[in-house]
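Colleague: Residue numbers (this note's numbering), protein chains in the order written: chain B, 1 to 299; chain U, 1 to 313; chain X, 1 to 367.
Rather than coming from a laboratory, the hints here were simulated on the basis of the structure. Computed from a predicted model, the values in this text were never measured in an experiment. Virtual Cβ for every residue (Gly too), placed ideally from N, Cα, C. Some hints here could point you the wrong way.
As the list claims (entries may be wrong) - Computed footprint of chain U on chain B; a stretch qualifies when at least three of its residues, placed anywhere within it, have a C-beta under 8 Å from a C-beta of chain U:
| no. | segment |
| --- | --- |
| 1 | 45 to 58 |
| 2 | 83 to 97 |
| 3 | 103 to 117 |
| 4 | 131 to 144 |
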Amino acid sequence: MTAATATTPLTRGVFGRASLKRNRRWALIASYVFLIVFAIFFLLPPYYMIITALKSDAEVAHMAHNPWIIAEGITFEQFKLLFTQSDFLIFFKNTAIVTVCTVVITMCISVLAAFSLGRMKFWGSGILATGIFLTYLVPDTLLFIPLFQIVKSLGLLNSYWGMVLVYPTLTVPFCTWIMIGYFQSIPKELDEAALIDGAGQMQMLFKIFIPVALPGIIAATIFSFTVSWAAFVYPMTFLYSADQQVLTVGTVTSLIKADVYKWGMLMAGALVAAAPPLIIYAFLMDYYIAGLTAGATKG
Amino acid sequence: MADTLHSWNPTVATTAARPASKLLKFLRRRSAIAFVMCLPLMTVIGGLVIYPAFYSIYLSMLNKSQTRFIGLSNFTYLLSRDVFWMVVEQSAIFALTAVFFKALIGLVTAHLINNLPVKGQRKWRGMLLVPWVIPLALSTLGWWWMFDPTHSALNWIINLFGGNEIAWLSNPYWARFSVILVNVWYGAPFFLIMYLAALKSVPEQLYEAAAIDGASAWQKFVHITLPMMRNIIAITILFSLIVTFANFDIVQIMTAGGPRNMTHVFATYSFLTGIRSGDLPLGSAVSLFMLPILAVSAIFILRGVRKRGREIG
Amino acid sequence: MAEVALRNVVKKYDDVVAVSSINLDIPNNEFLVLVGPSGCGKSTTLRMIAGLEEITAGEIVIGGEVVNDLPPKDRDIAMVFQNYALYPHMTVAENMSFGLKLRKFAKDEIKARVDNAAKILDITELLTRRPKQLSGGQRQRVAMGRAIVRNPKVFLFDEPLSNLDAKLRVQMRTEIKRVHQKVKTTTIYVTHDQVEAMTLADRIVVMNGGKIEQIGSPNDLYHHPKTRFVAGFIGSPAMNLIPAKLETNGSSLKVRLSDNLSFPVPENRAARYRGAIGKDVLLGLRPEHITETRGANGASGNSHEFPATLDVVEPMGMETMVFFKVDGVEVCGRVEPTAAKGSGETMLLRANLDHMHLIDPNTNRVL
Chain B
1 MTAATATTPL TRGVFGRASL KRNRRWALIA SYVFLIVFAI FFLLPPYYMI
51 ITALKSDAEV AHMAHNPWII AEGITFEQFK LLFTQSDFLI FFKNTAIVTV
101 CTVVITMCIS VLAAFSLGRM KFWGSGILAT GIFLTYLVPD TLLFIPLFQI
151 VKSLGLLNSY WGMVLVYPTL TVPFCTWIMI GYFQSIPKEL DEAALIDGAG
201 QMQMLFKIFI PVALPGIIAA TIFSFTVSWA AFVYPMTFLY SADQQVLTVG
251 TVTSLIKADV YKWGMLMAGA LVAAAPPLII YAFLMDYYIA GLTAGATKG
Chain U
1 MADTLHSWNP TVATTAARPA SKLLKFLRRR SAIAFVMCLP LMTVIGGLVI
51 YPAFYSIYLS MLNKSQTRFI GLSNFTYLLS RDVFWMVVEQ SAIFALTAVF
101 FKALIGLVTA HLINNLPVKG QRKWRGMLLV PWVIPLALST LGWWWMFDPT
151 HSALNWIINL FGGNEIAWLS NPYWARFSVI LVNVWYGAPF FLIMYLAALK
201 SVPEQLYEAA AIDGASAWQK FVHITLPMMR NIIAITILFS LIVTFANFDI
251 VQIMTAGGPR NMTHVFATYS FLTGIRSGDL PLGSAVSLFM LPILAVSAIF
301 ILRGVRKRGR EIG
Chain X
1 MAEVALRNVV KKYDDVVAVS SINLDIPNNE FLVLVGPSGC GKSTTLRMIA
51 GLEEITAGEI VIGGEVVNDL PPKDRDIAMV FQNYALYPHM TVAENMSFGL
101 KLRKFAKDEI KARVDNAAKI LDITELLTRR PKQLSGGQRQ RVAMGRAIVR
151 NPKVFLFDEP LSNLDAKLRV QMRTEIKRVH QKVKTTTIYV THDQVEAMTL
201 ADRIVVMNGG KIEQIGSPND LYHHPKTRFV AGFIGSPAMN LIPAKLETNG
251 SSLKVRLSDN LSFPVPENRA ARYRGAIGKD VLLGLRPEHI TETRGANGAS
301 GNSHEFPATL DVVEPMGMET MVFFKVDGVE VCGRVEPTAA KGSGETMLLR
351 ANLDHMHLID PNTNRVL
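Next up, chain B with everything else stripped away, as it sits in the complex:
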């Protein structure tokens, strides 16, 4: 045995097939290279938005420079203009009010419904659960016209309270769906232990299930927040005056004065408007992603 093996060690590695280690290293380098390409693609627009927001009006208009760098010095005047000479802050306030209200309403409705559908069986619960999922598939661009009529007849046209009324259609179905999954994954033994300890349904919900399903609740809250914040179709359709308008529509349409696109200010506005979802994402990324994947992976 020793005679046979004595000749083999090094020769194989050098002349024969490449070592496993080297193959893996090449695969890793190639992965990084391609990932950097994709990262550039994905991060280019935000980068450019930031750059533009930090430039002076003069530099923005000036064509000779490389637009991808700040050549004439960083300035915050765009932000100043944004906050002082436009309705931006009003938009921000409106959006904040609408979003907070929507989130609260959504979570109340969804948690109750999810708890009921996830853990309690009653006649029609299966149909309802499927129905919720189907509802999520109905796009806002199908409903916005009939809703226009309905919102008008309620006198809520051109009022951000109308948004509070219709936004839950965007958030409640999916949030309920997410949380049904979380509530279902709590073992039944917890119910039974609580029943023996003497808890009623509501007590079980608040003292046991909500704390245990907290990750799902956080994920659903984040989801409803980001959807409300980013909603565009409904405010575009139902809101006209600047004092009622929200950030998405306001930034895009009202910051254009007399056909002059003040791009520096527009980008500054877009950035500040995009900041809250981005900040939440930065700090709570795992919950954010859990919300997305919950729908599919929890089946």
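Following the hints, position chains U and X against chain B.
Modeller: Quick look at chains U and X alone, frame taken from chain B:
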């Protein structure tokens, strides 16, 4: 002693309370409570989704001033107009092309990230998800600025390499490209996240067994990864088809349907006819054309989700 | 079929040494078992042989060829995983033929091999089913079938029975032994269960903390353990290890366990233990060597009778386990059910000292 005598007379205690206690007892039943807990949800869905959906059908059969019932006239009118057929074609092209590329990029990037050592994956995943986090309307604004005819930063790069400037939004074909591009940019991260999660759910040992069986990297992908991911791929594609098909933000902000109506999709055309021009019934009719496609996709998605539920649970 | 050799094989994860310098020579057709507690490096060693883990240092030789840089598919090995790792979307037949298809075998050759393996493992009726329709035991057979059809040089088993319930485990153990007798191939089998090791192995390698404690046949390891770990690991219930002191008693030696209990050391052992006189030692004695007294005609060899107050009594049917304390240390003995006394009662027990071991507590080696 005294109270036991009392409790011996059940009839005395209950006759007075019988109707009230029966109602209370019914309410206290689990299933009744469960039903009540679902009422807010059912109200929202019933009043703000189902009712409007049916109302939309009714609305589409009225005339412009909503005084007369005109049956299917709105629909036949649309079917006779060139613009409408352009809308159908464009919506389909956008949806199919965009979803294809989104799925492809999502699959590729998911694999690339999965190849990395686990510690670094989180950072990359975090970076690549950014397009999805920024509200679509606002990032579309950013793209619009990058496409601006006079100041386009993208054209600056093209000029740098000696090429000709591209009329991103004023040339109809480039406009279509731009719309699809922004859609892919925005939606690919969603596919990335879904596929990454699905990749991680394939047991490592299957790959090891395949390695021992003699499979190359490509064969592992074809014989193990794809079959195991078949369901999630189908679900995400169908889901994205619905969402992309009904998309409003990108076209509305960048091109408003132009130039020459060559980027109009159902959502924007419906907005134009229904809200901008004030013909609500016609706008309704436009958006209702989306229904068949949505319904078919929805059925397939539901089947897929059910199948996946069985596979897992 | 081929010989396998490991020369100074080391596995490091960053700075943590999982496997340190393993040397093994496995002859053709041997059934070798790597056994040890969780984290001892046995699975890592197996995976290095398979090519699923990179080797930090040393060489692995299969059939005379150094395989360090060969990917798993070129090493001509087959593996049975703890979780079966069956392809869920393929039928049993497709699972078994996957490797052959990848290697471009002829269709009838594949069918012949699959049918043959199915016959050996008694799974012919299952060939068209999917894994999720099979029970645990059936899945394990399919996993073995997948390995058999490949006709590899080496079979590798990674704790294949750990996921099965106790009764099924016993059944499958016999299956595996039967298959090994029929399909003669070098087999390396990893388990944490020493009963499996004892019943299946031609030779056992006991591992602990990344090192080999001892290599030997099951009987070897059972009757002649070389280290404290092996002594305590092999055999169930475990060997009693009682702290004691080695003393002289005139010309003979005795082992003092407590103030009122000491065992005489048999003559043939005395020479070996001379160097440890006066030192603290551990007395190793298996429970089956602490039994009930058998009266004058039963006594044979070197034994010593002593009384013990029973703590816990566990009737096992065939025998009864008795637990008693010696200077605070719990000791276990095996007695006839009829002879056993109750808990709290005192009973006369007999220690068979022909089977005693003395262990140096500092080096943990058996003297």
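Colleague: Look at each hint and say if it fits the structure.
Modeller: Checked hints:
With 5 residues having a beta carbon nearer than 8 Å to a beta carbon of chain U, the segment 45 to 58 of chain B meets the requirement of three or more and the stated coverage holds. For the segment 83 to 97 of chain B, the stated coverage by chain U is violated: 0 residues have a C-beta nearer than 8 Å to a C-beta of that chain, whereas at least 3 were required. For the segment 103 to 117 of chain B, the proposed coverage by chain U is satisfied: 8 residues have a C-beta within less than 8 Å of a C-beta in that chain, meeting the threshold of three. Under the rule that three or more residues need a Cβ within less than 8 Å of chain U, the assignment of the segment 131 to 144 of chain B holds, with 13 such residues.
The structure does not agree with numbered hint 2 stated previously, though it agrees with all others.
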